[in-house]
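S.K.: For the protein sequence lines, the chains are A and B, in the order given.
Note that the numbering used here numbers the first sequence so that position 140 is 140, with each residue one more than the last.
Note that the numbering used here numbers the second sequence so that position 611 is 611, with each residue one more than the last.
One thing to keep in mind: the hints can contain errors.
Note that the list lumps identical chains together, so a pair holds whenever it fits in one copy or between two copies.
[Said to hold, decoys possible] The list that follows gives simulated cross-link-like pairs (lysine-lysine, DSS-like), each with its CA atoms no further than 30 Å apart:
hint : residue 1 : residue 2
1    : 469       : 428
2    : 201       : 661
3    : 373       : 73
4    : 598       : 59
5    : 579       : 672
6    : 329       : 73
7    : 398       : 333
Quick caveat, the hints were computed from the structure, so don't treat them as lab data.
Note that the structure is predicted; figures quoted are calculated from it, not measured.
Number of protein chains: 2
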Amino acid sequence: MISTYTVKYLLLVAALISLPKSIHAQPVTSITSPDKSITLTIRNTQTGAVNYQLAYKGKSVIEPSGLGFSLSKPKATLNRFTIVAADTSTTDETWQPVWGETNRIRNHYKELLLTLQDKTDSGIQLRVRFRVFNDGMGFRYEFPPQQALTHFVVADELTQFTLSADHKTFWMPGDYDSNEYLYNTTKLSEVDAVTAADREKDTALKSVIGPKAVQTPLLFKTADGLYISLYEAALLNYPVMHLQLDKKTRTLTAQLVPDAVGNKAYLQTPTQTPWRTILVSDKAADLLTSKLIMNLNESSKIGDSSWIKPQKFVGMWWEMHIGKATWEKAGGKHGANTQNVKKYIDFAAKYGFDGVLVEGWNVGWEDWFGNWKEDVFDFVTPYPDYNLDSLVRYARGKGVRIIMHHETSGSVTNYERRMDAAYQYMVKHDINTLKTGYVGRIIPRGEHHDGQWMINHYQRVAEKTAQYKIMLDSHESAHPTGLHRTYPNWMASEAARGSEFNNAPTLGITPEHTTILPFTRLLGGPMDFTPGLFRFRLNQFDSTRTQQVRTTLAKQLALYVTLYSPLQMVADLPENYEKHVDAFQFIRDVPVDWDDTKILAAEPGDYILMARKEKGKNSWFVGGITDENSRDLSVNLNFLDPGSSYEAVIYRDAADADWDKNPEAYTIERKKVTAKTNLSIHLAKGGGCAIQLIKK
Amino acid sequence: MISTYTVKYLLLVAALISLPKSIHAQPVTSITSPDKSITLTIRNTQTGAVNYQLAYKGKSVIEPSGLGFSLSKPKATLNRFTIVAADTSTTDETWQPVWGETNRIRNHYKELLLTLQDKTDSGIQLRVRFRVFNDGMGFRYEFPPQQALTHFVVADELTQFTLSADHKTFWMPGDYDSNEYLYNTTKLSEVDAVTAADREKDTALKSVIGPKAVQTPLLFKTADGLYISLYEAALLNYPVMHLQLDKKTRTLTAQLVPDAVGNKAYLQTPTQTPWRTILVSDKAADLLTSKLIMNLNESSKIGDSSWIKPQKFVGMWWEMHIGKATWEKAGGKHGANTQNVKKYIDFAAKYGFDGVLVEGWNVGWEDWFGNWKEDVFDFVTPYPDYNLDSLVRYARGKGVRIIMHHETSGSVTNYERRMDAAYQYMVKHDINTLKTGYVGRIIPRGEHHDGQWMINHYQRVAEKTAQYKIMLDSHESAHPTGLHRTYPNWMASEAARGSEFNNAPTLGITPEHTTILPFTRLLGGPMDFTPGLFRFRLNQFDSTRTQQVRTTLAKQLALYVTLYSPLQMVADLPENYEKHVDAFQFIRDVPVDWDDTKILAAEPGDYILMARKEKGKNSWFVGGITDENSRDLSVNLNFLDPGSSYEAVIYRDAADADWDKNPEAYTIERKKVTAKTNLSIHLAKGGGCAIQLIKK
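Bound-form chain A, shown alone:
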């Protein structure tokens, strides 16, 4: 029997469910981007909710979406507000990065700063700062100093992103510990993260959140031609934001990474969250040149940055992956022995590379993985067959420097105890570049790679290496969010599926993967993808291996242009390069620091064609890549100085090249070109092209 009470209750529930629709929210305020293409609208509904809405040239980008927080200490739900103030301002400034894809960056936005008062009796005030650029928007929460809030614990962030339609979506499974997935391309409604993650057999550690949780950066292409990216900027003292999808409402809600006891963040006023970013354009190319995320980061904290030098390096690394050598000494195939490292130093010196990365140099690799062991490496004890002192002298004599490797095995408490001694050891040995690694489950046990505690750790490493004038390249760290502006010594990170997965037995690296990365992962900063493989059947030292790199050789060259990193590895073995010295010339010549970047053509998941001008020089370099489809690209050289003549050195797939059947077939041609030239280039399946343009 349904009682009167029950009926009343049901009516009330029905009323509540329909509430958001039935209330005619009053627009409170709106601002537009400097060029008026983007409009942000803020509404304060009758219930007190504050929603934001974003439109681009009249098209919906984000439907009205919620803002707010749930705190576990003090216990409070902050999602009903009175708007106390709404202040607007405009900023237009230009700054110079220490290194990068361009030598000047314009930071031009309109800002709306909302001051919100919690409608309950908590007395808590917070602010939401919106910045609307011509290519998107960022917003963050700020908690000013106040009586009602000093220390607080975030249970959940209630930020939402509601989409207008069932867009085509480029997504990875949400995961607290790994971002080394392939991208899935489906309709938003078809996201199935657990199934996708289950397909991935080669990831060392997975902490999949659930079937409807996805990672950022998350990329959409709408039916009406918009490219939209959801991400974050300036991720400091806060966990990574993943997103939980409600398929019915097409709403993505922030899913912060929990700590060992389930809390999300421990904060103290005054404080703020990272920026939540929404890039939007009707041209895919605009995402690739967007500086919005860097602009939302603080300017450099490093006063004298003269010691920070973009570089290319070779190294002791891929030979472990393909079974020629091992990291560990036991077993008789130890790669990092003095003689072998000398060979790499000789090779670097001969071909003009700056550094030699040496992995497996230090004691501990016999027992480093899989046991959640805390005391693994001490970072200062070389294996007895690795004579670091003599190698440092030898390298110095040849103008080459050794690059340090600190694999933490996820035991971060151990690393933090030893960081100072480890960096002093580097300085003593004339080593000023460091590759870190975080393979395995994190210690403190219960913490995750993407949690607040680890985010703070990565920052500590960036700051401490800066104190020691050490350049940093972090692997298995959280996704980058433009912090290389603030810490320009933190030059690169992996934080995505990199070239090492070419060796993975199952999914590997698909041909399309490198056409998606620049639209997603690379929005946050340079990636140490480790391109430059020249041999694609990986049975060189182990005839049982059937893995194959799904790329042509010309595409590997192109990646040096299309996947930016100021620390760029030349990843293959010396003997494999010396079989193709003519093609190798491109890798020797391509720079790692640029004055300018032009996107000539781009479509995520399909192809990218871009041109970059060498820093302080008159040379341009063009890189073009395609997915599993062959493609003819038209390369319009109108970015060259008008009236000047250039020599073009064109490295491209041979006519019969094919990533699967004939990956090493390439041709190199030289021709005179001008700004009026239009080159027509054929890319093979999984292929690419690389062009050097030298002003005459």
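Fit chain B to the given chain A structure using the hints.
M.R.: For chain B alone, coordinates are given in the frame of chain A:
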């Protein structure tokens, strides 16, 4: 309806339940203590269980009790064994501690080493090493290197202690984070840990395990006159062992402290557990002189220990507790200001004390507690009103040294990052004694004060301070287990309810508390109890305070004899001491290092009377204390050199003294005594006496 299956099942269950009784286990082997008073019997039952049983002079100490482990990785239950070998041996050696209650310690035991093979197909072997001394037994598990076991994770230790009757029990609630409880004295069957813990309102942090969980050391007095203590020794790389009580079977089972994800210990072969110890005697006094726990620890790891010097110190501490000053600078009552510390240095110099402890010297106290904040103190930044450089010079000129204070606020990750810099800062400032503190919830979040991770931390601090030649006194650390043998620079710890609780508003320190501590907490090592209060109404600076110290002044003197520590605080304010300079003389004279210790009379919870001979001198010091009852003690001086004459300086309660009504009433008398003298001393309620015996 009960099916045939059900009936069979019920019969089976009944059979299983009665199994331990119905199987007539075969004794496998037994050994006795060197003096034959203690017999250990090992049985391997038909089910494969290996039980141990302990008897003292024919009386039951431990009934047949189980041994074993549950592992979570590899998944295995190790409690059914084949005994592969049973080896016996005898050791009798004597060693000299760096400092202590006696100058020589005999280590005399018979050993039985069982090698056990798991009866399942795991292939795992382990050993149990039993050592039977004249005053008890220790045993530990050892995991030798083996194919079947390398890295493993302990889910539970299955060690049991089954008692023969419902003994009188001195117990504290089992707690993962605090050992600062009063002892409860009840029958074993009356243990109610949650109710007891709920009565304790003044403990900063409690993580009570459950109603039937108690801490070790756990003390019993049996109806047939035995005193039994259950504890542990050499607690390294393993969590603290608490005990879960099954009242029906009177069985206590090991309850290890879990980590953030619920595991107990991460181990790698070869490894071993701490020793589980059982002290037993028919004389209570024997527990107080037992060296069993120290003997089960490894010998000193510190080669040159000449820099380790027992000492007495005054300090900036109690005045914060009673409201004269504050740790924090904000508020205008900052204690650790240069002028005030100078006063303490003057006081120490005037009365001949070695050190001045200064708490609240460093920036951070405004916001140090209760927020699980990670970056609190940096341990190298003094408040601006504390001129450390000038104070160090000033102190040195007066032959006094400042004692450093590192309050971690439980943020151990932060402390570990900064330890090296903090110790270098100490060395630079001529400071070689350190008091650490761990008040508050531990970071790494989810870890506990008593968990394996923290046990490893305490060891790291002991080892690192030793490298810097720093003497260590740790507060809020896990209970001590004789590690001061191995790390003699780790001279004292708190790890129990200390004198500071005299200021607590509710339960405080009961008069009996100090008569229990030597039978329990102090079995593991010296305690920084901070005795020496001379003013007992605590309204000196805050007239609203009603707390009162429940002791007489003479008892405070006696504690310097009965509560051993080589780092002994002289805890009250200079102005309070200077009102009783005659009584203060005892504290000036009493040493902190001894050649010998004699227990003249003792009963846990009632009274303790002991005599100690000063290290390298002919003077003896006697301390006697009582609980809430007045008592007449007979002090037989037959420990003095026969035929020699001594001057006795007797500090005792005045005839009308009473902890409650007249605590500061004492008399001092001097008389000639010899080894034939028998002094009769009256102790007031909550009173005590202290006697100095100077050879003439």
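S.K.: My question is about residue 201 and residue 661: at a cut-off of 30 Å on alpha-carbon distance, are they close within one copy, between copies, both, or neither?
M.R.: Close inside one copy (25 Å), not across copies (77 Å); limit 30 Å.
S.K.: Taking 30 Å as the upper bound on the Cα-Cα distance, should residue 329 and residue 73 be classified as within, between, both, or neither?
M.R.: between (50 Å within a copy, 27 Å between copies)
S.K.: Should residue 598 paired with residue 59 be assigned to within, between, both, or neither, using CA atoms and 30 Å as the limit?
M.R.: Within. Shortest intra-copy distance 26 Å satisfies the 30 Å Cα cut-off; inter-copy 91 Å does not.
S.K.: Between copies, within a copy, both or neither: which fits residue 373 and residue 73 at Cα up to 30 Å?
M.R.: Only across copies: residue 373 and residue 73 sit 13 Å apart there, 33 Å inside one copy, limit 30 Å.
S.K.: When Cα atoms must be at most 30 Å apart, do residue 398 and residue 333 count as within-copy, between-copy, both, or neither?
M.R.: within (26 Å within a copy, 64 Å between copies)
S.K.: Classify it for me, residue 579 with residue 672: is the Cα-Cα distance of at most 30 Å met within a copy, between copies, both or neither?
M.R.: For residue 579 and residue 672, the Cα distance is within 30 Å only inside one copy (28 Å; across copies 102 Å).
S.K.: Can you tell me if residue 469 and residue 428 fall within 30 Å by alpha carbon in one copy, between copies, both or neither?
M.R.: both (12 Å within a copy, 26 Å between copies)
Every hint, counting from the list given before, is met by this structure.
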